[in-house]
Structure formats: structure tokens, C-alpha cells
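Asker: Each chain, written out:
2 protein chains.
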Amino acid sequence: MTGFPFEISATEGKARTGVLRTSRGDIRTPAFMPVGTAATVKALTMDQVKETGSDIILGNTYHLMLRPGAERVKSFGGLHKFSTWQGPILTDSGGFQVFSLSQLAKKSEQGVVFQSHIDGSKHNLTPERSIEIQADLLGADISMQFDECTKHPATHEEAETSMELSLRWGARSKAAFGERKKQNLFGIVQGSVYPDLRKRSAEILIDQGFDGFAIGGLAVGEGFDQMCEVLDYTPDFLPDDRPRYLMGVGRPLDIIESVARGVDMFDCVMPTRAGRHGQAWCDYGSFNLKNARFRDDHEPLLAELNCPASQDYSRGYIHHLVKCGETLGSILLSWHNIAYYQYLMQRIRSAIAAGNFEELRKEIADKTANGLP
Amino acid sequence: MTGFPFEISATEGKARTGVLRTSRGDIRTPAFMPVGTAATVKALTMDQVKETGSDIILGNTYHLMLRPGAERVKSFGGLHKFSTWQGPILTDSGGFQVFSLSQLAKKSEQGVVFQSHIDGSKHNLTPERSIEIQADLLGADISMQFDECTKHPATHEEAETSMELSLRWGARSKAAFGERKKQNLFGIVQGSVYPDLRKRSAEILIDQGFDGFAIGGLAVGEGFDQMCEVLDYTPDFLPDDRPRYLMGVGRPLDIIESVARGVDMFDCVMPTRAGRHGQAWCDYGSFNLKNARFRDDHEPLLAELNCPASQDYSRGYIHHLVKCGETLGSILLSWHNIAYYQYLMQRIRSAIAAGNFEELRKEIADKTANGLP
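Protein chains in written order, with this note's numbering: chain A, 547 to 919; chain B, 547 to 919.
Don't read these hints as lab results, they were simulated from the structure. Incorrect hints may have been included.
If chains are identical, the list can't say which one is meant, so a pair holds when it fits in one copy or spans any two.
[Claimed, not checked] Below, simulated BS3-like cross-link-like pairs (lysine-lysine); rule was C-alpha separation at most 27 Å, straight line: (1) K668 x K913; (2) K727 x K560; (3) K728 x K653; (4) K560 x K869; (5) K720 x K627; (6) K620 x K727; (7) K697 x K620; (8) K627 x K869; (9) K560 x K653; (10) K869 x K668; (11) K869 x K620; (12) K653 x K697; (13) K836 x K627.
These figures come from a predicted structure and were not determined experimentally.
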């Protein structure tokens, strides 16, 4: 197995902390990747994103192939230069959004033909095209295999059929990707809620020699308990020495419980989407700044968090901005939320290194249960 | 006459450059004041506004008295602390917007009773209340007298009646303001397009002892030529040693022609409003980034302008952001536009100091006439 050097410096139970060393910079794990769907982490400059302590961001193949077009991004020197983000970028394969966002998606063994949700134009996405877009045109540091996100709930037979298609698409993705020194390709473990399928999926992907492994098909409506159940065993099927990435997860509690089960990487639109809807995240959950209780609140969002958005403005001011529909409200809340997520990840990493991750895990669980004081 | 020290360091014709020294920092003149209507310069952080070279911003009494309420701003320590803008702030009196934005505004000798355009609540604005809001509650460094912005067109009789009301309101504003060392109060010259009225208005205001003088009732539909005509004579009625402020103006060409006629200070929503509508300003006028001609444009907005928004992103990227409705598009264009305005002001100041303002004036006029190459 090849791939970027991945150095695990400490573990506590199944939780691990370390560094994934890419050619564009180190990713401290467990890592949270802010989502930069359309070559922008919504409402923020890349300098602000960097300032939150984000080591890597995520880009969306589906969105970028439609607008501005993958070949156009390439003509601008790739996604890093186009977006001005100089650190590592992971791209998804488009497989998830082609089904959730596009119109009239038609699946075949070959791939998916679909119509753009923007202008109805017809497109074709295959494992080969997905890899071409991700690795060659966008220039992702980490590309994902093309896969089908198995629906939930699915019978064992449905899950197996879907998983096997993803495995065949995975093999084609790997063949299209070839051998690259400065770029990695991750496989995606499917198999829904069935341990035997998850195990087989992992074994075949390992055999194919991917550089890292995502756990797919979660955060699709199965709920917290069932997600934890799948995570109780799936990471055990994966090699210790390669990074594990849980796609599309999640809330702070989801993240910390996943870390406890051996996951290293996360992405989620939660912090930016919540920010655009007036919500601020903290250990106790999220609170909506639009609420009148914050009208005369002179406290900052989170004084202990070393981010201008969290420290320099009163909640009363942000309440005012949100009430007035001022863009700065979305900016400050998105900025704070990503900074909070990175602050959580930093505390997780430090706790594992110091051997008190279980205490942090309990603290976050208790705070979440109690809600904002 | 009192007021902040105003040191004029160079003149060329009627154009002047210098510094107005307030207790919260120096204002280099000619100065452009970005508009921070609701305690935010739309889509920007105050750090970004400061970084553009803005010395002073403007706040709107009408908006702030309705949301979050002037007493509430005071409870947060005033407008500077509430908004995090630490430099000087000039506030308008509310007199203009109470007529242009509110519902059912009823004018009497006493003042104006009106209904909020937001929730229909009833409010009362008088010269005394306007000064209380501006100077005591918001804590403006420069307050404006309460006035009536004379409609355009107006007959000589209408203009005279309106001007005299503004003069009586000006006297009451001055009485309410009293003597203050760290705050200034500006009078507003009215009189529409009639030299005799402008002259009388100026004489009475000078006699009342204001700290600076605004020229009101322009940029209300009279057009460029008639505005220039009024500015051909009105500044001459004002003392050389006090700042002159042209309210609500304008495009770069308006500004440079006003400077040529002796104006020192400006404010306008143009750069931020244009930015939210996809437009970028430069010496040649404004261009809309949504236009397909910018889709494959690798150039930055304005390479010579030392602002991240102007230098670090391709026009093609900003085109993409605007097309996708991404907030970062509004942010970058608003930021660039204010930076461009400040860059223009800096060149104006340097040109007057170097004795080549007439060359810059001709250059901007020629470029504006020719449009974007």
C-alpha cells in the first residue's frame, strides 16, 4: 500500500491522532474539512478559512463540473489556483450529488447520465470521467472513487447489489487513477448496516490498494444510534496505517463519537449552513442568534475561541445583523462555526495525545445533553 | 469658529488637500466615507474596511433608531463599540431617509412624525431628538444638523421655504448640541439651484457657528451638469478653513469634479451597492462581472490596487461566484469597490499635493468617456 505518509502519534482506545503529510501541507488528524462546494467555502475568504486552523477543504465534483466546468477550472490552473486555497483539497466523486441533486439521473453499469439541476443540460459521469475531473482537471490532492451511496433503509440484497456496483466502479476508478506520487485516491466502504457486507467491501478495497478509506452510506437518515453501530465494527475492517474518512458527518457529538471508534477525517456543510441560518455552534449545541434573548447580550459568541468572529463582536450585535438580514451576520456566524469545529478537533487531538480523550468525550456528551446554560 | 483642527496642506485651483484631526484619528481629505447604514458596511468586516484606507465611515440615524434602537446602541457602549469600528464616524440626521423610506411622514415646525418602514411603529424625529441620537446615544464624532432635503425640482419659493425650515432646525440642532470638544456638528447648506438662497443659507449657518458645512439637496435627480453648476458657486460661500461635505455623492467622476470645485468629503452607497449587484468600479467606469466576457478572464480586477479583492482573484473566478450567487462574490466586489474609491481619493490627494490634479482630472474624464478597453 502506498499513499501520503500517515503518522499516528498517539492513540486512546480506538481513537487516534496523527498527521497525514500531503505534498501541499500537513493534515492534522482527526481533521475536519470545511466544504467548499463551488470553489468557495460559503461566505468566507480562504484566508479566513485558513485562520480557523483548517488544514484541508473539500470540493464538489458535481457542482464544479456544471459550473464553471472542470475544463475551465483546469484552464485557470486547477482548483487551488482558481479558488486561491493553497492547502490540500479533497474532492468527492460526484456520485452522491448526481443522485440527490440532478434531474432524471439514469444509472447503468457504465455510469450515470443526468441533467443539470441548473440549466437542464445533459451530462455523463463515469468512474473514468470522475477521476479525470478530480485528479487531472481540478487537481485534487485526494480524489474519491466513484461510487453509489446506498439508500437507507436497504435490504441485505439491495445493499449487496449496490455495494458490488461501487466495488466495480472502485476498480475502474483505481485503474483510471493509476500510480501518482503527489495525489492520493481513497476507496469508499459501502454495505449499509450489514457487517458482512462492510467487511467484504473493505477487504476488496484493501486488496485494490487504495491510499485511504472512506466510510460511505452513513449520515443518510439512519440516525445517531445506527450510525454508531456501523462505526462500532467498520473501522476494524480497515488497516491501522491508512486514514479513515467518514463522509458528510456531522454534528460535534457525531464527530467525537466517530473519533472514539477510529475515524480520522470528516466533512460537513453544518457549520456554514448553520451560519447562514443565524445559528452558532458551541459545546452545548447550536443556538439561533435571531432569538430575542440575544438582543441585549453583550457577551461574544465564544470568548475562549481565538477567532475574530467569536471574540470581537457581541451576540447583541450579531443578533442585530441577523435580524436585519445583513451579510456580515452570515459571515461572522459561518466563520465562528468553522473556527468552533476546528477548536473541537484541536481539543480532540490534544486529548488523545494527553490520554484524556474519554474525559473530553464525556464532557461534550454531557454539555450536549444539557444544552446552552 | 471651533471644530476639529483642519489643516490644508496644498491647494490647486479650488481643490484642497489636508487633514481633519478628530479625537478618534485623522481624516485625510478629500475623503470618501463608506456607508455603514445598519452599523455594518454591507458584506465587509470593519478590518477589511480599514484596510482599504478608509479613515471614517458614515452611520444612518434613521436605520439605527429603528433597529436596533439608539438607546440599545448606547447600552452597548455606542456605535463604535457596537460595530467594532474604532475610527471616526459621521452620522446623518435622519432627515433625508425619514422622507425617502418611512411611511406616512408628517412634517411640522416641530419635526417629523413617521411610521417605520420595517414594522409600522410610530416615531418622532425632531432636531433635538436627532442630535440626542447622533451625539449622545450613537456617539458620532461628527453629527449633522436635522434638515429637510429640498425636493428637486423646486421653485424659488418652495426652495426658500424649505431652506428656512432647515435653518430653523439647524439653529435648534446647534442649541441641542451645545459646546463639545471631542464631537463636531456640521450645518447643511440648502437652497436648491438658486445662488441667492445658497448664499443666504451659508451665511446664516456660518453665523450660527457650525464646525463644518455640508452641501445638501444634490444627488437628488438634478443630473451631473446642474450639480456641477451649483458646486461652481456654493463652496465659495463657505469659509476656507472648515471642511465641506457633499452628501450622497457619487460616481468617481462626480467626486473628482466636486473636488475641483472645493469639496473635501463625500459619502455614497455606490461602491457597496454596485458590489452586491456584480459590478466592479475602475477609472473607466463600472463593469458587470456577470457578463460572459469575463468567464475566461484570468486577470485580477485591478492589479495595481493593493487590496486582496483586487489582486488575488481572477475575474473569471469572480464571474463564477456571481453567476452562482455566492456570497463571496458580493464580498470581493464590495471590498474592491471601496478600495478603488479610496485609491481614487489617494491619487486625488497626492495629485493636489504634487500640483498635477488637473492632469488626473482630465485622465479620469477621458477614461470615463472611453469606457473599459
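Asker: Against this structure, judge whether each hint is valid.
Answerer: Hint-by-hint comparison with the structure:
1. Taking the shortest Cα distances, K668 and K913 never come within 27 Å of each other, neither inside one copy (48 Å) nor across copies (44 Å).
2. Taking the shortest Cα distances, K727 and K560 never come within 27 Å of each other, neither inside one copy (29 Å) nor across copies (66 Å).
3. Within a single copy, K728 and K653 get their C-alpha atoms no closer than 32 Å, and across copies no closer than 72 Å, so neither meets the 27 Å cut-off.
4. For a Cα distance limit of 27 Å, the shortest separation of K560 from K869 qualifies neither inside one copy, at 44 Å, nor across copies, at 45 Å.
5. When the C-alpha separation of K720 and K627 is checked against a cutoff of 27 Å, the pair qualifies only within one copy, where the shortest distance is 26 Å, while the shortest distance between copies is 56 Å.
6. Taking the closest pair of Cα atoms, K620 and K727 come within 27 Å of each other only inside a single copy of the chain (20 Å); across copies the shortest separation is 60 Å, beyond that limit.
7. When the C-alpha separation of K697 and K620 is checked against a cutoff of 27 Å, the pair qualifies neither within a copy, at 33 Å, nor between copies, at 55 Å.
8. For a Cα distance limit of 27 Å, the shortest separation of K627 from K869 across copies, 19 Å, qualifies, whereas the shortest one inside one copy, 36 Å, does not.
9. Taking the shortest Cα distances, K560 and K653 never come within 27 Å of each other, neither inside one copy (38 Å) nor across copies (73 Å).
10. Taking identical chains as interchangeable, the C-alpha atoms of K869 and K668 lie at most 27 Å apart only when they sit on different chains, with a minimum of 19 Å there against 41 Å within one chain.
11. For the homomeric pair K869 and K620, the shortest alpha-carbon distance between copies (18 Å) is at most 27 Å, but the shortest distance inside one copy (40 Å) is not.
12. Taking the shortest Cα distances, K653 and K697 sit within 27 Å of each other inside one copy (14 Å), while across copies they are farther apart (65 Å).
13. Proximity of K836 and K627 under a CA criterion of 27 Å is satisfied inter-copy only: 20 Å between copies versus 37 Å inside one chain copy.
Violation of the numbered hints given earlier is confined to hints 1, 2, 3, 4, 7 and 9; the remaining hints are satisfied by the structure.
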